[in-house]
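A.B. asks: Okay, here's what each chain looks like letter by letter:
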Amino acid sequence: MPVTYIQAINQAMQEEMARDENVMLLGEDVGILGGAFKASEGLLERFGSERVLDTPISEALIVGAGVGLAIQGMRPILEMQFIDFIACGFDQIVNMAATLRYRHGGQTSCPIVIRGPCGAGVHGGVYHSQNPEAWFFHVPGLKVVAPATAHDAKGLLKAAIRDDDPVIYLEHKFLYRRIKEDLPEGDHVVPIGKAALRKEGRDLTVITYGSPVHAVMKAARDMASEVDIEVIDLRTLLPYDWKTIRESVTKTGKVLIIHEARLTGGIGGEIAARIAGDLFEYLDGPVMRLASKDTHNAFAGPMEEYIIPNQEKVTEAIRKLAAY
Amino acid sequence: MPVTYIQAINQAMQEEMARDENVMLLGEDVGILGGAFKASEGLLERFGSERVLDTPISEALIVGAGVGLAIQGMRPILEMQFIDFIACGFDQIVNMAATLRYRHGGQTSCPIVIRGPCGAGVHGGVYHSQNPEAWFFHVPGLKVVAPATAHDAKGLLKAAIRDDDPVIYLEHKFLYRRIKEDLPEGDHVVPIGKAALRKEGRDLTVITYGSPVHAVMKAARDMASEVDIEVIDLRTLLPYDWKTIRESVTKTGKVLIIHEARLTGGIGGEIAARIAGDLFEYLDGPVMRLASKDTHNAFAGPMEEYIIPNQEKVTEAIRKLAAY
Amino acid sequence: MTEQKERELYFWLRLIREFEDRVSTLDRQGKIQGGVYSGKGQEAVVVGVCHALRSDDWIFPLHRDLGAFLVKGADPNRLMAQIFGRRDGFSKGKDSFLHGGDFSNCIFGATSMLGSTLPVAAGTAYKFKIKQEDRVAIAFFGEGASSRGDVHEAMNFAGIYKLPVVFLCENNFYAYSTPNELQFAVEDVASRAVGYGFKGDVCSGNDLNEVMKAARKAIERARTGDGPTFLECKTYRYHGHSEHDRATYRSEEELITWESRDPIERWEVYLEKRKYDIAAIKEEVGEKVKKIVDDAVAFAEASPVPEGPEAMEDLYATPITEG
Amino acid sequence: MTEQKERELYFWLRLIREFEDRVSTLDRQGKIQGGVYSGKGQEAVVVGVCHALRSDDWIFPLHRDLGAFLVKGADPNRLMAQIFGRRDGFSKGKDSFLHGGDFSNCIFGATSMLGSTLPVAAGTAYKFKIKQEDRVAIAFFGEGASSRGDVHEAMNFAGIYKLPVVFLCENNFYAYSTPNELQFAVEDVASRAVGYGFKGDVCSGNDLNEVMKAARKAIERARTGDGPTFLECKTYRYHGHSEHDRATYRSEEELITWESRDPIERWEVYLEKRKYDIAAIKEEVGEKVKKIVDDAVAFAEASPVPEGPEAMEDLYATPITEG
Ligand SMILES: Cc1ncc(C[n+]2csc(CCOP(=O)(O)OP(=O)(O)O)c2C)c(N)n1
Ligand SMILES: Cc1ncc(C[n+]2csc(CCOP(=O)(O)OP(=O)(O)O)c2C)c(N)n1
Ligand SMILES: [Mg+2]
Ligand SMILES: [Mg+2]
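Residue numbers (my numbering), protein chains in the order written: chain A, 1 to 324; chain B, 1 to 324; chain C, 1 to 323; chain D, 1 to 323.
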């Protein structure tokens, strides 16, 4: 039976909590309500209120308590009701969790997962549409993942829960109920650090992740007669899968990076710079980027469409690179 | 009489507070003590405790109260005792201050300056050596400046105080007392948004800012017989001065970006990507980058030297690009 | 109180209810795209507090305080345009609901991050103090928001400087689905005031007379230099957290109990006791507020939808154009 | 108390003082590169609290709690190596002073960000509770740190779940240069406990007997499921904020007053009253602690300075190597 992206998240938590009694979930309204988006529906009933915890509105506490649980052998999943609120727990993430192992000279690890709905396209306005990955991409000690499919949503969440390092897990709310897939049976884990080659192609490489993956795949299909596109879905952003990128770019010689986070300071800059620095001699054209415009995510429909890399802009950007 | 970098900061605050009674300073130990590094020495005595405020240890309050003062017509300077503590006021900066004007449809502005000692090279360890500019570089609505000379420290701080937008002012603690310059008489303001062409040259461009500017200038002098280097000191990071970069790169065709913040996700990625994207046809070599290694700033001397882009690494990187 | 004032208060209660009910209806009809957080049932709090203010006092409302906008003087037309995300809203469509304040009426627009307005209110109050202006800042927040660190930092600071600020907590017993017993271990959040060196006070938020009495005291205290007050009003929201929330986490009985304490009906009883012709008043005010809200909806619907490129405006007061 | 225990307590007081004095001396000699924050004058607090703990209880010390490391069981040699930034330190040189904890003795290493350990202590206590372990977590913090939002969030959470945690505030009347009257508007920070639904207690932090009594009560309360305590110990640091600080913001008289309440001298008076041969004890313990500290310095100096590439180690438990 096909499973939505958000059901996949729910399944991953259910299975991991059933598998390991030290896995638990903390967040606002994750228990009684089952989460603002119902990602944790049924967890309280199944695992009880000690392991599924409705916290007060205290994001710094959520992360900090998560670290305190982690050093005692627990594996807490920490939900931000919207990922935008992660700014309220920022210090606990970048200074407390990300440096925990380092400042202790390897005496401990920090198995926490911080997850929450990110992304635009649903009229969420300035504070319910953010894509915060770039902030954490700059912080050693963290891992950052951003699934684009139900398959990866489940497999990466299971991997993140089992990982001994702090993982920021960015689930795109636009995808929650818009995509549905049949998932593999059994213990389905997607390794952190490996990109997915969504489509092979010879003419140019598109590197993307999260919600835009679907627009890119559609463009690749629609434009198949014009141009043969290779599509890389990064899935893990930190550390990103350089091997897959390198192999693709050295083959195609042309590359376009697409993300929904805004352009300036987005992770596309780093990846483009790395390509331009290390693979300069393989390039047949400029490394192009398409991202949200450098502004806050405005509420009104036409402004949001103007800002985000929608289907039209994706197609146009690919066409432009192909024509180079 | 030559003035140190930190004296320049003090002068800027003194002069602006004397000029405009709405300018004030909030921070921990900025009054009675005159600041942990003495940046605000003499201010309490001269301007009184209402305008020079020793706050409790509450970074979110400092920034938030700053916004509250700003909407009432004040122009607060907000000190972080070390810039590392800015993570504790992160939400107030990126969500409250940076979006204030935007979410109010232009009804208000937000004239605050957030300043504090950043940077490595002084055995500060993990929490007293950070370079946080990349986090804010990704946030529209903010401006970010990072002076490298006493001249710019003074002129940019005065500009920042007079600016109607929130400005993050990054003062490099390594430079506090290590450099000394004669400053221009009178009302000396350095405009936000303009880079300084520190040295003209034909062979290659080095783009940098903050503490590494001095290592780059030394290298440029030392290597003058081998290679003619053009040196751009960005000074303002957001928005960065693309015109100066473009003119230089289209002339030299080779570029190296150097910053002390760590490589991955640093602002060098964005600038390199922009160059590789927009100026591809002018490039005679890969866009190179030199930055701190992707780790926390370790305490012990040899590790810190290993991490940061010191003189030796700067010289080596320039030599490598020149040889390309 | 004068009869005029008592009637005016009734008008505000009814206007808020009419306005919020209409917004809820429009939301059900799919005409509103952002989240809608109805304050229905809590009207006496915002009316009681805001009516006691001067026009140059500042308020810092949170997501459920639409009524505070109205009483403080915001134009209903623009407020409705704000909710529709149109160009005539306070945000010019850049955000919706209460994220755009109305500076001409000294109303601050919050971010979504609960509790983060309290430091801003404290900063504003600090300015009032040092410039010797006898103005007051009111920071509204739910009991849920009281758990945020920013709230603590702001209250502590306000205590040190005895700032002219009132911390106005609307304790409606739930933060989204989370009941108070999972939010704190005390009966009254206002019990925290002692730890900051100022007054705490608790009142029924459904009784306009009680709210007014407590609010007046707190505002007076602030205005005369006697420092902040943590004023907690116990109340209840009839609707779910947002219009999408069916609020199955609470009982039907609980809702019915609170509906029996409706702040508007209570005020009507009070007016009756004062021997006014309540039937006539009800009808007159009913027509008046309906007309205002009808007009507001018409205005909002006629207001232009912002165009795409407007998304790049209003980011900076002094933009730096690229060379 | 047994004589053995009373002597042991004296040993800890003296060891801490000897250790910290030596660190100060080494700092003056330029042998230490990082910041040094002496707790001299506050020894009775950490001794009184940590001595009452079991080895499997956890402590979360802040920057001035070097003594807590020692009493909780940290190896003085490794602690000195930590301060020197050497490979045998808890951080392996990656950071210095108290930023590296000693997990084998249930000691957590803080970040620099004051107050941020309190949520971590609360999380740890939550684990003790749900796993029905009768262990306790102690979070140390200065009165200055009490102004941070994290402290509030942690205390509120601990109150809700009656967690086995003690919030141990060392109120030494200054946060760096900032006196208490600029930090909060209350006499006792512990007065905040009521707002979180648990016990607050205040004691003299310079009187070991008082600290022990109060600490034992708080720890007992935590261990038996009666919830958290906010225990405030009034004390004083003799040195400046760090060794670089000449502390001109406070008066000579104030320092002298507090020196007259020295916690170690007080304990000596107590031992004398108990009719022990105090002169002999002093000499014996003096020699013993000197030897320990001498050895620690020798150990630290002999410990290797980490090499550059070690900076890349210990970032991840499961690093992902690049293809
Ligand atoms: C910092 C932060 N965390 C989470 C949320 C999501 N959220 C929005 S409203 C709400 C509940 C608010 O409860 P309360 O403060 O009691 O106000 P009420 O809705 O009851 O009026 C939550 C959790 C938020 N807006 N901000
Ligand atoms: C969040 C944060 N802000 C600022 C600082 C800088 N700082 C270090 S110690 C200190 C004073 C601490 O005072 P207190 O908590 O009373 O402890 P004490 O030093 O008196 O023992 C300050 C401001 C910090 N470490 N963390
Ligand atoms: Mg509530
Ligand atoms: Mg102190």
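Incorrect hints may have been included.
Sample of chain C residues at the chain D side, in silico, Cβ under 7 Å [stated by the list, open to error]:
{"#": "1", "residue": "Pro179"}
{"#": "2", "residue": "Asn180"}
{"#": "3", "residue": "Phe184"}
{"#": "4", "residue": "Val186"}
{"#": "5", "residue": "Arg192"}
{"#": "6", "residue": "Val194"}
{"#": "7", "residue": "Gly197"}
{"#": "8", "residue": "Ala247"}
{"#": "9", "residue": "Ser251"}
Don't read these hints as lab results, they were simulated from the structure. Just so it is clear, CB atoms sit at the ideal spot from N, CA and C, and this is done for glycine as well.
A.B. asks: Evaluate each hint against the coordinates.
C.D. replies: Structure-based check of each hint:
1. Taken as an interface hint, Pro179 (chain C) does not check out: its beta carbon lies about 11 Å from the nearest beta carbon of chain D, beyond 7 Å.
2. Hint on Asn180 (chain C) is violated. Least Cβ distance to chain D is approximately 10 Å, over the 7 Å limit.
3. Taken as an interface hint, Phe184 (chain C) checks out: its beta carbon lies about 6 Å from the nearest beta carbon of chain D, inside 7 Å.
4. Proximity of Val186 (chain C) to chain D holds as hinted, the smallest CB-CB distance being about 5 Å (cut-off 7 Å).
5. Annotation: Arg192 (chain C) was flagged as interfacial toward chain D, and the flag holds, the nearest CB pair being 3 Å apart, inside 7 Å.
6. Using the Cβ-Cβ criterion of 7 Å, the hint placing Val194 (chain C) at the interface with chain D is satisfied: the shortest such distance is roughly 6 Å.
7. Hint on Gly197 (chain C) holds. Least Cβ distance to chain D is approximately 3 Å, under the 7 Å limit.
8. Below 7 Å, beta-carbon pairs count as interface contacts, and Ala247 (chain C) has none with chain D, the closest being about 22 Å; its hint is therefore violated.
9. For Ser251 (chain C), the interface hint is violated, since its Cβ never comes within 7 Å of a Cβ in chain D; the closest pair sits about 22 Å apart.
In the structure shown, a violation is registered for the earlier hints numbered 1, 2, 8, 9, in ascending order.
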